[in-house]
Amino acid sequence: MTMTVALSPPPRSRLRAAARVVLHDRVMLWSLLLLLLLIAVSVFAPLLTAHDPAILSPRDRLKGVSAAHWLGTDSLGRDLFARIIYGGRLSITLAVLVSVSSVIVGLLFGLVAGFFRRLDAPIMRLMDGIMAIPGLLLAIAMVALGGAQISTMVLAIAIPEVPRIARLVRSVVLSVREEPYVEASFGMGSSTLRVLVWHILPSTINPLVVQATFVCAAAILTEAVLGFLGLGFPPEVPSLGSIIAEGRPYFQRAPWIILFPGTFLALLILAINMFGDALRDRLDPRLARKGRN
Amino acid sequence: MTTCTTPILEVRHLHVRLPGTSDRTYAAQDISLTVAPKEIVCIVGESGSGKSVTAGAVMGLLPPGVLTLESGQILLEGRDITHSTRGQLRALRGDRMAMIFQEPMTALNPLMRVGDQIAEVFEFHQPSLNAAQVAERVLALLVDVKLPSPQTLRSAFPHQLSGGQRQRVMIAMALAMKPALIIADEPTTALDVTSQAQVLRLLDELRDKHDNGVLFITHDFDVVAEIADRVIVMQHGRIVESGSAAEVLRNPQQPYTKKLLAAVPRGDFGARPQDGATDTVLSVKDLRVRYETASFFASRRRVVNALGGVTLSLARGETLGIVGESGSGKTTLGRCLAHMAAPTSGQILLDGIDVTHLNRSQWRAHCKRVQMIFQDPYRSFNPRMKIGTSLAEGPMNYGESREAVQARMLRMLALVQLDASALDRFPHEFSGGQRQRLSIARALMMEPEVLIADEAVSALDVSVQAQILDLLEEIRERLGLSIVFITHDLRVAARLCHRIAVMQQGVVVELGTARQVFEHPSATYTRELLAAIPGKKAHAEALEAVA
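So the protein lines, in turn, are chains A and B. Going letter by letter, the first sequence gives residues 1 to 293 in the numbering used here. Going letter by letter, the second sequence gives residues 1 to 547 in the numbering used here.
Since the hints were derived computationally from the structure, they do not count as laboratory data. Please read these numbers as outputs of a predicted model, since none were measured by experiment. Heads up, none of these hints are tricks.
So the derived label-pair ranges between C-beta atoms look like this: (1) Ser171/A to Lys258/B: 45 to 53 angstroms; (2) Lys258/B to Ala17/A: 39 to 47 angstroms; (3) Ala19/A to Met112/B: 47 to 55 angstroms; (4) Glu178/A to Ser299/B: 26 to 34 angstroms; (5) Gln133/B to Arg26/A: 54 to 62 angstroms; (6) Trp30/A to Lys258/B: 58 to 66 angstroms; (7) Ala17/A to Asp470/B: 37 to 45 angstroms; (8) Tyr378/B to Ala266/A: 44 to 52 angstroms; (9) Ser47/B to Ala17/A: 23 to 31 angstroms; (10) Ser171/A to Gly352/B: 39 to 47 angstroms.
Just so you know, even glycine gets a beta-carbon here, dropped at the ideal spot from N, CA and C.
Starting from the given sequences, assemble the full structure and let the hints guide the process.
Shown next as structure tokens:
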């Protein structure tokens with residue numbers, strides 16, 4: 001007797017399945033489009049504007065929107081459009097570096113804490129300790145000590161994010177570890193490393209991708225705050241925070257200096273968070289059923 | 001049975017439509033049935049037969065937007081409730097009709113005392129009663145359902161009761177307003193066999209006292225034989241056969257009913273005797289497992305003896321059944337044998353070698369020889385991996401070549417009677433029975449000497465269950481395997497096992513050949529278990545018919 005296995009349609013490629021999801025989910029579609037637009041503008045900054053964001057031209061100071069200066073100029077006559085998109089470039093680079101590094105470190109801690117019972121308590125207490133440090137304060141202290149280099153900034157913003165990611169990964173590992181298929185794998189002589197990599201790591205990827213988007217948003221905001229407080233990069237490096245800070249004294253005469261970078265920052269954060277939310281609705285099985293459908 | 005007055009429930013040509021993408025149009029198609037006062041009508045069917053949908057339609061509890069009642073009529077005590085509004089139905093539910101669910105733990109509110117939960121029914125349906133009257137009624141109900149010391153149990157929380165007691169609380173709630181109709185959806189499936197027998201007897205007695213009809217949904221023909229006045233057999237959303245219980249069980253007309261009845265394990269001893277030398281392959285000596293609950297205060301710590309000194313041996317080519325109710329330690333024993341739990345003391349000998357205290361890497365040398373088949377076929381495969389990857393995992397761990405593994409995978413799939421195309425599929429594409437076959441194939445990939453099957457057929461429909469049991473028996477014979485078969489169901493154990501060990505509270509209370517245990521049980525507990533098997537009358541008759 002041969003059993004006939006009920007034939008489902010041939011599995012589509014993952015890419016095409018993902019494309020279908022994106023096209024059907026309006027929130028995801030629009031937030032993704034906005035995000036891609038903002039990223040493209042930042043990445044192709046040198047192609048989009050002929051102005052150098054650092055060149056001063058006192059004659060053109062505090063000019064409004066014009067054909068020469070699309071978004072006007074600041075108090076030192078620098079082109080605002082160029083400064084915003086170069087600032088965005090910096091923000092996005094930083095966000096990617098922060099989320100990649102914090103995800104890698106948090107993933108390692110979370111896997112170890114969730115899988116090895118003995119290391120669970122020490123690692124998680126360490127994480128609790130890090131969580132107790134106010135993130136912004138740590139960043140200010142580290143930048144003040146280490147100077148405004150990109151590596152210091154990444155470290156300063158990434159450290160407070162690590163415990164949250166470790167906790168997330170640990171909770172996933174704790175539940176997957178008890179699944180019969182994990183026991184079965186041990187029963188077939190798999191080594192611990194193999195079980196971790198084959199059976200447990202893949203289940204953490206979905207929630208991690210979602211969490212990484214929120215880390216991105218938080219990193220961009222923290223960098224902007226540091227810039228605004230004057231603790232970020234040196235003044236000649238454009239950053240969304242420092243542009244806003246420099247525009248503050250001229251708010252009544254030239255409100256665009258604050259308005260445009262503020263809008264750019266808000267749109268960037270909004271796009272990232274909305275995309276993250278939509279992703280979570282799709283990827284997190286606990287929330288997926290409740291939300292829509 | 002009472003002579004036919006107006007039936008309590010009459011369902012006429014009910015059609016319940018499934019959403020567009022399903023494999024069939026109707027979840028329930030052209031269902032007509034009646035339930036008279038004091039009558040118990042059983043709907044029997046395998047999973048997906050539409051039996052629960054029928055019950056849900058009567059209660060007005062179909063999930064909105066998914067299942068739609070397309071046509072037909074439902075009359076409760078002569079009143080058409082087919083198109084009643086939600087408010088009208090809510091007033092009827094609990095008052096004129098009540099439901100008992102499969103899993104009493106999830107149907108009860110865990111944060112509320114059970115007495116208060118029963119009282120809640122009165123608060124909603126009879127707000128005129130004062131507190132003292134309600135308390136009195138609640139107590140009377142708890143007495144009716146024969147809960148021990150009802151006065152104290154009324155203020156217990158659900159988790160403090162046993163499964164059988166919780167189900168009795170559910171029945172008390174259902175009976176609160178003296179409903180005309182009780183719908184019981186697999187009410188004993190989650191219970192141990194002794195509690196099941198008690199709950200069935202209770203339902204049988206209560207209908208005389210409360211004049212209610214019962215619509216009883218089950219997959220178990222033995223339960224039907226125990227309790228039903230009339231039987232309705234369903235398949236693929238249609239009624240296949242219906243009639244009085246005696247008629248249908250003794251003289252089934254339809255091939256499907258015959259097939260289902262034939263699949264019911266019925267004290268027939270199916271294990272073919274093993275031949276040749278019978279040396280011991282696996283044995284345990286005085287195995288003990290103690291758990292201590294963690295608490296900061298020493299006085300609060302509780303010690304649980306999961307295993308209290310078990311000594312057993314398994315001969316080569318033998319199937320040893322471990323039978324017990326929940327909490328008997330049978331699963332702990334199986335996990336110790338498969339090295340998934342560590343015993344506190346005692347010895348496990350594999351071919352005379354002590355393997356009790358090997359750590360994970362030392363055990364690796366032996367784990368090929370002992371393989372486990374799990375209960376839940378839906379969780380024992382990694383959902384992200386193709387079957388081929390899962391099957392190959394074990395042998396690849398031992399560095400076997402890809403070609404050898406591939407060839408063996410095809411052989412094993414043929415052995416468990418599955419198509420070779422299964423290798424490229426994901427676990428969710430298979431039915432429960434197919435997955436259990438795959439589980440067996442995966443275990444066999446390691447070329448083990450001992451298989452440990454922990455409730456390996458409990459989650460399956462009877463007809464599938466019978467196929468898997470036959471498959472295990474065939475594989476045991478062909479490959480000369482030894483099997484430790486852990487189950488709560490004596491009937492299943494009888495069908496497959498040479499010897500049966502009955503466990504209670506962590507110790508083996510009886511050990512003997514399947515026939516001995518069934519026909520001349522020595523321990524009191526075994527006799528209780530045997531007496532609790534539903535449908536004994538039918539069994540006795542079946543045995544007489546054979547003799």
